[in-house]
Amino acid sequence: MLSALATAWTSPSIDYHALAPEIILGGGIVLLLLLDLFLPDAKKWVLTPLASFTVLGAFIPVLTLALSNQGVRSLFDGRYMVDDFSLVMKGLFLLAGYVVILLTADHLREGDYYQGEYWFLLLTSLLGMVMMASSRDMVSIFVSLELLSIPAYMMAAWRKRDLRSNEAGMKYYLLGVFASALMLYGMSLLYGITGSTKLVEIATYLGSDLTSLRALAVFFIVVGFAFKVSAVPFHTWAPDTYQGAPTPVTAFLSVASKAAGFVALVTVVFVAFPGSHDVWQPVFWILSALTMTVGNFLALKQTNIVRMLAYSSIAQGGFILMPLAVAGVDGVANSALRSVVTYLLVYAATNLGVFAIVMVVARKTRSGEISSYGGLFSYAPGIATLMTMFMASLAGIPPFGGWFGKFTAFQSLVSAGTTWSYVLAIIGGINSAVAFGYYGKILREMWMKPVPDGDTTPVTVYSSLGVALGITSISTLVLGTFPGIVIHFGDIAGLTGAFIK
Amino acid sequence: MLLNEFLMLGAVLFCIGVYGVIVRKNAVLVLMSIELILNSVNINLLAFSLRNNSVDGHTFALYVIAVAAAEVGVGLAMVLLMYRNRRSVGLDELSEMKG
Amino acid sequence: MEVLSDHNWVLTVGTFLPLVGVLIMLFIPKADEALSKAVAIGTATATLAVGVYTLTQFNFDKAGEMQFVARHDWISVIKSTYYIGLDGISLPLYFLSMVITLLVMIYSWNHVPSPGNAKAFFILMLVLQTGMAGTFIARDLVLFFVFFELVLLPMYFMIGVWGGENRQYASLKFFLYTMFGSALMLVAFLALFWKTGGASFAIPDLIAHANAMIPKNTQIWIFAGMFVGFAVKVPMFPFHTWLPDAHTQAPTQGSVILAAILLKLGTYGFVRIAIPILPLAAKAWAPWIGLLAVIGIIYGALGCLAQTDMKRLIAFSSVAHMGYVMLGISTLTSFGMNAAMFGMVAHGLITGMLFFVAGSVKERYHTLEIKRLSGMLVQMPKLGWILGFCAMASLGLPGLAGFWGEFPAIMSAYQPAAGLNVQVFRIFMVIAAVGTVLAAGYLLWLYQRTAFGEPTAEFAAGHGHDEDIHDVNKFEWMAWTPLLIAIVVFGVYPQLMFKILDPAVGVTLKAFGG
Amino acid sequence: MFSAVTEATEVILKSGWFLEHAYIIPLIPAIAFALIIFFGKKMPMKGSEFGILSMFGALAMSAGAAYQWIQRVNGAPEEAYIKPVIKTWTWWQNNGFSFGIGQHIDGLSITILCVVAFISSLVQIYSTEYLHGDRRYTHFFASLTLFSAGMLNMVVAENMIQLILGWEIMGLCSFMLIGHWWEEGANSRAALKAFFTTRTGDIGLLVGTSVLFFSANDWTQKNLGVSGFSIRGLSAWALSGHPGHAAITVGAVALFIACIGKSGQFPLHTWLPDAMAGPTPVSSLLHSSTMVVAGVFLVARLYPVFFKGMNIMGTSLNFIVLIGGITIVIAAALAFVQTDIKKVLAYSTVSQLGYMMMGLGAGAWLPAVFHIFTHAFFKACLFLGAGSISHSASHHSFDMKKDMGGLRKFMPITFATWILSTLALCGVFPFSGFFSKDEIIDNVGHNGYTFFMIIGLSGAFLTAAYMTRATYLTFFGEPRGAAAGEHHEEEHGHDTPAAHDDHGHDDHAHDSHDAHAHDSHDDHGSHGPRESGRIITIPLIILATLAIGSGFLNAAPFGEKWENFKKWVEPRAEVVSITGIPAPTGGAGEARIAEGTTDTTVPAPDAAVSSDSVVPVDGEVVSEEPVADGEEPMPMYDEKSAEVVGAEGEAMHESPCGTETPEHGVCYAPQLHHAPFKWSKAAMSMIIVFAGMLLSWLLCVQLYDRKNKKLVGLTKRNKLLGAGYLFLENKYFLDTLYEKIIVRSIAHPIARAAYWFNQNVLDGIVNGAGICTKTVAGWVYRNVDQKLVDGAVNGAGTTAENAGGALQPVQSGKVNQYGALLFGAAAIGALVLVIINF
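So the protein sequences, as listed, match chains C, R, E and F. Going by the numbering used here, 233 is the number at position 232 of the first sequence; the sequence numbering is gapless. Going by the numbering used here, 95 is the number at position 88 of the second sequence; the sequence numbering is gapless. Going by the numbering used here, 310 is the number at position 215 of the third sequence; the sequence numbering is gapless. Going by the numbering used here, 801 is the number at position 663 of the fourth sequence; the sequence numbering is gapless.
For reference, chain C alone in the conformation it holds in the complex:
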């Protein structure tokens, strides 16, 4: 029987242009490994530029693909799509990756890091994400998910001698694997029900009638990704991991890997489960409400900046989830998708900027406590102003990017016009105000408090960090003042195969 199927098999024709980003990344990864093996330590610095050029190199085909007017490229009989959505997300991943590289460059130079391996893992994880953006099949989704996760586990535990780093890695690893195991179980059930791993087929088979088994399968899969996006109550790993992991890695996790999680979530929900919105709408409603509320409340209590940012990013995840809670309502799906993409772009820019500043400040104060930001404005006004900008953006205060992300989220939420959507909107509104409680805490430290240790030597910003700050701050500002640009991406990000009602 299998042999019969085997004979029917013919090798697929491969669109190399479409795969170019992945291929370039892969090539870069291999090159890195080899060089790392053969280069003398004195020359290891070459690896950093190599890594960054790989990422930028991979970005080029993304552009060319975006510009090529040959619409959607479908590979492997539709299990791997290169459409606008995936391109936008790939661009996001690659840029985020590039910024993370910028953040790390100096960090590596100082800490006892194994550059080669580090870059290798980072790029691998990126590769996983880039693939995730295009995967339209449970198997490829699963594989790319693991491909982006497993390196992340190791990066989280990168500081070998540091107990916290170990702990971070261990927790992330165990829970991550556990979650993906649950998800796999769900997938297996789903495969059993539908007899296919291809999302589009699953959608057609599932239709809109639900049995408890189907609901179970759908739910387990959603849980798996909910873990990735650290939605409450599947968030528990995030704070500990973020706090323990090296700051650049945290930045990477909190932006790129969270984004990847959302990409997968959106893909699965929109492509595979459009009919079963009776299952996932309430789930997302509860998840998003819980996530932003709990995230905010816990963030209010934090004294460690990175941990606070961890909770903040959890809360932000809640906002991103909001529109999904109504995505099943007629005519909302489109704006929901748009708002998710928009929010992710804005959030990525802002959050990376925040981490860049955290690193800058931490290098001077050698402390991760919020109190160490005391009087920052008095001796580093520039940094303080940028931080203020990022905080305002996270809090959603015009004219910095964040407000627009929230705005779109609210907009698509309210467009549903159901009671539940209004309730969620109001919860979101209140939360966005509460959030200022902790963002404001940092502002207060920087502007209104005295310098704790009285050391007011100006802060030095390394070139690469400066570039990172430049990119992030400018994009944050532009996104806030001329959101037209970003929402443009969000708008063209048509998700092929997505069953948009």
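Hints in this document: simulated from the structure, not taken from any laboratory. All values reported here derive from a predicted model rather than from experimental measurement. Just so you know, not all the hints are guaranteed correct.
For lysine-lysine, the following DSS-like pairs were computed, each having C-alpha atoms within a straight-line distance of at most 30 Å [as the list claims (entries may be wrong)]:
1. E:LYS569 <-> F:LYS179
2. E:LYS477 <-> F:LYS179
3. F:LYS360 <-> E:LYS605
4. C:LYS450 <-> E:LYS457
5. E:LYS605 <-> E:LYS174
6. F:LYS819 <-> F:LYS704
7. C:LYS365 <-> R:LYS105
8. F:LYS952 <-> C:LYS161
9. E:LYS569 <-> F:LYS180
10. R:LYS32 <-> F:LYS952
11. C:LYS450 <-> E:LYS125
12. C:LYS161 <-> R:LYS32
13. F:LYS952 <-> R:LYS105
Fit chains R, E and F to the given chain C structure using the hints.
Positioned in the frame of chain C, the structure of chains R, E and F alone reads:
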């Protein structure tokens, strides 16, 4: 064919695995429990694949096995790292960061 | 979109010019305070010049229509446009914001509150200016929202960094209150947007369609959302508790701007957005707004009487005065609305002035404890008389600006718009009239105890305060004279403002047949 | 013979520059005020010259206007309605209507204009001497001038808003002038009290104006083309029969409350005596002759409104006459127990104002207004006399018992003038008071208010009595205290407030660097009493002369041709035809109104155009010309007005005005009746007056001169009298009521309570959520307190934070628990779904 029995087996394995993950304090044991879950997944996949008479299940299972191997590799590495730093593999000790 | 004037650039320039100044200032070394002050004041002056030009170009006979209208794509996907315009309602406030900013800056030339850092201080004021001016010209809800929120951070820092002992609490309180309000406001805006078919955020379009397309109950809910947003800003009882703290803690400049302009954002929101777009809801809400307004009047006055701190007293008086404004608005008649608009400007001038004086008193005596102050007229006659003048203006003495906001507002309550409960509003009218007596009470009481009599022992001549206690200096004169003149001019010839307000208000209230 | 209607078209009333430009009168002092404020200090005479010149200017113009008005009246046929000279410019607009500011000049305003301008001039001259060397000399003149501006503006006011403007400015000035020597707590308190009391009354002004405006505006706009603020409009409307009973009554009552406050009527009279804390010129100008009659003026000005609203002459009792009556008696009684000469005069003023009110309330419009006129002169004279005494004789004390007595020898002029004015005040024939006050009493009786006539008579008795007492104490008997030349500093410390305060100012003159002040005060002290300087005595003489002469302007006893005041001032109750009545809904009529009256009702857009367009005098024609196009007058009006011609003083005039609704026109004044003068009545009142004087004189002699044992200290011995004395001494305990009870309760407990409510309850609501959570778990306390102290978050923030604290345990750091949570949540969710979809 014995689809239901296979599924039962899968379910049982799954539960055992989950139970292990939740109660075991020893990192290695937790790893093994997770392996159990993955294997329950594999059993499901294969069973369904036979029932659906398509190779997808098999392929999927193969991927799962491969990935599981990679995961275990990383996992054990971390456990070693942890053992080297703490001279123990008790998960309870991993609670420096909380709240 | 009809273009009444080909000077569409005027408003845009007038609004964003301050930001240009900010950009320049960013490159000025922090040490060179004089230069940054100069640049900032220069910018403000230039802005004001643009404002004056706008004034000259404004077609006063068509004050009811939008002028200098400009509409460009901004965020096409969410149907939001960069849509600005100026009419008789916006003009006074728009212009006032420019004037106040400049005056405050002049005042700050030698009054930069501790901990100094003039550069940052002036930059914040410029940013504020943009936010305030923008709010008054925005014709698009999203644009309005952006400007409305834009003023938050600068004011937050002004209070929080340059404020008094309790500044951090006050600033955060101010911020959170407003955030809550504006969050609900945003939801209301979006609901409005979708309920009108998701076609446009432009206020005129919404005015055209909303009332027809939205059933009354929905309107009431949407209005509720806006109400919270605006009422917090006004502030209306019981959302006012942030105001005394904010005012008391804020530096003089902050208080002035807060009182003169920021509070108006709320009332302006009612007049410009909430009421014309949702007439049915407005009618349903009017009695309650009126009730809260009169409560605010009496309540604020009582609050004043209980104060021991001069600045806090003035802050509470704002609650009372904005009560009159809201009472006028709640009548939904053009009579009351005109009064309210006039009252906004008058209150801006007068209370702004009062806060200036309070700041200078604080600077000289290092305290605002009413019972420690006495005989100000003996030591600083000019300052004392100015205080008296402002007190008189503030208690609504005819011939000074305050009267024209207060008296017609009270009158208007006698005959609210058709469909409102007349009896209720007449009761409101009487209560409000009683409020004027209380106002006279606390202001004169304040004046008698601070200005009259002999200086208290600790400040009497030769007790070490002599060098601090000097009469009005030249920067103060420069900053105050325009306000004082304006108070008199508008008081003596109110037609100056009513002439442009009245037609615009008439247009705004079309839905109410008047 | 002619109907009012046809006349209206034929009569071309005379007018003239002064009448046309009467609105300039208030402007003169207003400008002078500005000049004084800005340049006063630099001027040789410290700014007083501006004030005096401006008052002369105002006086001249008023005189001119008066002359031209008289021409206008004389030029018009007897029963023609004399149109006031009205002008208006757009002042403000609202709701599409534009409201004017301008002038409304008729007999009444002319009268008051003259009085105010005249007295102000005299008082200002007087003050140059009286306040010589005062540390705030310039301020004083500034305020005085501003006051005149306010008062004159109120008098010429064309509409209520303009009137309110003047009204409040006067209040402000009275505040500043009473508190002129504010270094003394007592003065500033008195100032505050005055302003606050009048302001309380002003609630009525606000409410009343609003009520009347909204009730009248439509009618006036339609029929007269003027706003509902306009005095002319309101008068016509009140008599048109259109106003609903409730509206006009409420409006009238509300307005009258304001008058009570301003004119110191019972029960709001208490501020007036305290107001004597101000310098004496102020007392004589503001608080006796001019400002305090503002209330009376308002009633007289809007008489139709009160006439209808209070149903004057309709019933035997109404609010106004009642208040007036009460005021007469209680104030007079109070005057007996005063030792401060100024307070005696103050209470006498209150009581005289009571007469005016009572007169108005009883339909005796003309006598009341005439009393305003005469009273101004002799009362001002009395006050200035008192001032002269304190200035030159009693070393700045006003205490009759301590520092005066036997002064007639030292200051003959002051004495003479004082006596003359006193006789006038008591209403002795042929002094001016007789012709006004007696007329009031007479007419009150004639109009059927017999009871109040009796009150009036007893008032006259009391007046005579207390004035005699004051005169005796001041000028007769032995010199005492300062009058005897003793220079006792210490006693001034605890003097009556006025003396106290004057002395306060004296002290300041001392430490002020003005050497002149220093000397001047000392030599008063050192050489005993002597006559004041010319600058003080001349005004006294002038006023005294008027106290005698002014009465003859309207000397009823000598027959019709002496009643000039009546002829010139009293508005004639004639029906004036206008369009739109009785059918105001005609397009044509409206159109005419519209085009004819662009001056007063402009549609908003044209406001600019018409804002400076002046109403032509015969803009009136607008309202009357329609007669030209037909609309035959009802013949019956002919006879009616025919009777008017033949009507002697007591003729029962049958014009419909005030009695019934005019059908083909409007009335601007109600029809009033005049009591025929009878010597018998006059004689009776004379007897009463003399009786009062005699009795009082004897008492005084017994008490103060002979020190008669039986009488001295009678009040101490006799319980009843003692109680009465105490009662009077404490001014009926009204102040206690106001200050101790009402004010205290508002200012202190209630305000505190409200503030407490604010701080704890409302603020609490914000923090409340947090607080309730706090009580739940003890451990939260620390956090909340810390955070609150730290100010990290408040209210909702606090709650949120506590919730966060509550959640923290979940984040235990234990991997297994995380796993459990993860799977637990998943399992629960799965379970729910399974059950739902089963």
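How the hints compare with the structure:
Pair hint LYS569 of chain E plus LYS179 of chain F holds up; C-alpha atoms about 20 Å apart against a cutoff of 30 Å. Distance restraint check for LYS477 of chain E and LYS179 of chain F: the Cα-Cα separation of roughly 14 Å lies within the 30 Å cut-off, and the hinted pair is therefore satisfied. Distance check on the hinted pair: LYS360 of chain F and LYS605 of chain E sit about 23 Å apart at the alpha-carbon level, within 30 Å; holds. Restraint check: the Cα-Cα separation between LYS450 of chain C and LYS457 of chain E comes to about 24 Å, which is no more than 30 Å; the hinted pair holds.
Between the alpha carbons of LYS605 of chain E and LYS174 of chain E the distance comes to roughly 26 Å, so the proposed pair stays at or under 30 Å and holds. Among the hinted pairs, LYS819 of chain F with LYS704 of chain F is consistent with the structure: their alpha-carbon atoms are about 20 Å apart, no more than 30 Å. A threshold of 30 Å between alpha carbons decides the hint, and for LYS365 of chain C with LYS105 of chain R the separation of about 26 Å falls inside it, so the pair holds. Distance hint between LYS952 of chain F and LYS161 of chain C is fulfilled; the C-alpha atoms sit about 21 Å from each other, no more than 30 Å.
Between LYS569 of chain E and LYS180 of chain F, the direct Cα distance comes to roughly 21 Å. Compliance with the 30 Å bound is thereby established for this hinted pair. For the given pair, LYS32 of chain R sits about 10 Å from LYS952 of chain F by alpha-carbon distance, which is consistent with the 30 Å threshold. Note on LYS450 of chain C and LYS125 of chain E: the hinted pairing holds, with a Cα-Cα distance of about 19 Å set against a maximum of 30 Å. A hinted pair counts as satisfied when its Cα atoms are at most 30 Å apart, and LYS161 of chain C with LYS32 of chain R qualifies at roughly 22 Å.
A hinted pair counts as satisfied when its Cα atoms are at most 30 Å apart, and LYS952 of chain F with LYS105 of chain R qualifies at roughly 8 Å.
Checked against the numbered hints given earlier, the structure satisfies every one of them.
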